[in-house]
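Asker: The residues making up each chain are set out below.
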Amino acid sequence: MNASRIAIIALGLLAPPQAADAHVVIEGVGGFPGGLIHPLLVPAHALFLVALGLLAGQQTAAHRRAVFGVFAAASVAAILAVTLAVATNDADIMVLAGAALAGLLATTGRPLPTIVPAAIAAPAAGALMLDSVPAVVSTSETLLALAGTALGAILLSALVAWIAASPRYPWQRIGARILGAWAAASAILVLALRLAK
Amino acid sequence: MVRRGLILFIFLLWPLASESALAHGGDGIAGGFLGGFSHPLFGPDHVAAMVAVGLWGAFLGAPAIWLFPVIFPLVMALGGVLGILGVPLPGVEIGIALSAVLLGMMVAMAARPPLLVAALLVGAFAIFHGHAHGTELPRGADPIAFSLGFVVATGCLHLAGIVFGLLARWPYGRMAVRTAGGVIAIAGLVFLGRFV
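Line order of the protein sequences matches chains A and B. So the mapping is simple: this note's numbering equals the position in the first sequence, first residue as 1, plus 247. So the mapping is simple: this note's numbering equals the position in the second sequence, first residue as 1, plus 1181.
Just chain A, with the same shape it has in the complex (with noise of 0.2 Å):
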């Protein structure tokens, strides 16, 4: 680990306690492990995770790690704001935005300059993470659960680029591709129903 990111999280840990203003992940499951399930169970952010990795899947090896690396720099960004009180009500219209981004360009099956997923990834992982604060007062709790958070978000994601990433008949690329335009599809209405209210 070093030095800036031990500098980050030091800062993370010292920075006063503010009110969180979101969600209990789980009644009764708290900290890391309520974190780490969490991006399971919201919609939005599972149907942005799976189509991530859909299109994370359809890169090469390099440009995916490269990805995922975003994915975690954003992530810990934005816990490091979250400890600065930094806080939105609608962060989920940027998940879905990923969703639906990442989603359409799963459609193309094409490896992509890493720009572009990553360009995806980062502000919508920092979105996942403001959207998934916990509703404890606790700095350290929060940050626990913003860690596990991260944590769970990334090995979603990455499995399912795992699974994508090694077809070995021809119409498994096609159900990527498929399951990408779904994934878009839904996200695009939710994005929309979201913006009407």
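Hint data in this document are derived by calculation from the structure and do not stem from the laboratory. Ideal Cβ positions, reconstructed from N, Cα and C, are used throughout, including at glycine. Some hints here could point you the wrong way.
As the list claims (entries may be wrong) - Distance windows between CB atoms, simulated:
(1) A:415 to B:1354: 25 to 33 Å
(2) B:1356 to A:355: 33 to 41 Å
(3) A:355 to B:1337: 18 to 26 Å
(4) B:1354 to A:420: 24 to 32 Å
(5) A:307 to B:1268: 19 to 27 Å
(6) B:1363 to A:312: 48 to 56 Å
Got chain A sorted already, so can you dock chain B onto it with the hints?
Answerer: Below, chain B alone, put in the same frame as chain A:
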């Protein structure tokens, strides 16, 4: 490898199994999905047109066989956005009935237009189907579960058409597929008759 595909499919459907996290207010996610899934299935005009899309895709072969199921939900979503935003689209129900007539006829006549023309035809009709779904999207249901439900149901109807359409590889199967297209076109005319 089949297992990998299944796992991928399960992950896409994972959001449907989700319990609501408190601040997300998604009461009844499973109900939302079932509502969305059953929405196209209870509209015979939707069912006929979706199956026709699959039949025609299978009849045309690659790449139409997989291009239609990719294009249709995406364009349908755009139609859904118009419906959600309240943008009026005249003759939605007529357009849906016409989609069954024309797509059924394409299969019955074994029409093989250029891929672009076929894709444009399928995409144009998808707007009508999407608009109808978007207008009827219940605001109370979990929106992701509902929308994913009817997108998946639409995909399953395409798949049903594709599976049946694959019979076209054999002479008798080809006749059966074309007959099915004719039946869909006639059904579409019946649907259309309600508006004339």
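Asker: Does each hint fit the structure? Answer for all of them.
Answerer: Right, here's what the structure says about each hint:
1. A:415 to B:1354: 25 to 33 Å: holds (28 Å)
2. B:1356 to A:355: 33 to 41 Å: Given range 33 to 41 Å: holds, Cβ gap about 37 Å.
3. A:355 to B:1337: 18 to 26 Å: Roughly 23 Å apart at Cβ, these two residues keep to the hinted range, so it holds.
4. B:1354 to A:420: 24 to 32 Å: holds (26 Å)
5. A:307 to B:1268: 19 to 27 Å: violated (41 Å)
6. B:1363 to A:312: 48 to 56 Å: With a Cβ separation near 53 Å, residue 1363 of chain B and residue 312 of chain A satisfy 48 to 56 Å, so the hint holds.
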